[in-house]
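Asker: Sequence:
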Amino acid sequence: MQSILVERPEIIRDVSRSTVIADVEKPLSAWERLYRVPLLRKALILLVLALIWEVYGRWLDNPLLFPPFSAMLQAFTTDLGNGIIPARTLVSLQTLVIGYAMGILLAALLTTVAIGSQIGTDLLETMTSMLNPLPAIALLPLALIWFGLGSGSVIFVLVHSVLWAIALNTHAGFRSVSNTLRMVGRNYGLSGLGLVRHILIPAAFPSILTGLKVGWAFAWRTLIAAELVFGVSSGSGGLGWYIFENRNQLETANVFAGLFTVILIGLVVENGVFATIERRTIRRWGMQH
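Going by my numbering, the final residue of the sequence shown carries number 289, and the count climbs one at a time with no gaps.
If you are wondering where the hints come from, they were derived from the structure by calculation, not from laboratory data.
FRET-style restraints, in silico, Cβ to Cβ: (1) Leu-109 <-> Gly-150: 23 to 29 Å; (2) Leu-123 <-> Met-183: 25 to 31 Å; (3) Ile-277 <-> Arg-182: 21 to 27 Å.
No experiment lies behind these values; they were computed from the predicted model shown.
Think of the CB as a built atom: it goes at the ideal place given N, C-alpha and C, for glycine as much as any other residue.
Sequences are here, hints too, so could you generate the full structure?
Answerer: Written out as structure tokens, the structure reads:
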């Protein structure tokens, strides 16, 4: 069979007349530049929540039950100026730092033992299964018997609330490190603590940081709850006792001022301390977008 060739006329289009070339790069508007700033977006959310709080408080018109945001803010600035809130905050933070640091040290010790041997892993898993579901606040009666009415009892329950969250996340992060990285470390002569420091911790740091965040949240909540129960130590109490005292005196605006202080500290730690650590480690190392 013979193939039949059909000639087709070429079509030439004038691109300059029929096509409009769009801009390759378009500058962002002022609103788009502001929207790209996470701090401003979160501040806008807080402003909207404060506005809803103010409107609902004025509509309810019952300061004893639910004061407006402006009344709470006035009580907050008053006790901030006369030094009551800073003094109570300092007492709480001192206790928190001690308990949090002790919990981190114990979690590091348990995790190091767990990754070093199978019996260590079994020990960590067994203790976690037994003690992690146990609420820290449930240990308050024992803490009072063992350590008395003071900061020692609060620190004991803080260590319990911090220890297991950090140990679990750290151990899970270590177990997720690939064998390739472990073999690279051993080829460089690393073993024991050297392998943990130079290989396992950097590779597992996202999980470790998650454990630190969870442990901080548990510790902060446990501290305020413990101070609400027995917050006075050596004639002074923390933020939890400040909230409890004002509740007894029916100073609802001051109660909300204490809660507002707790929230502010949580925002500063989460979006200041931990965000800075994450930006300078995980994101810089390319482990998270």
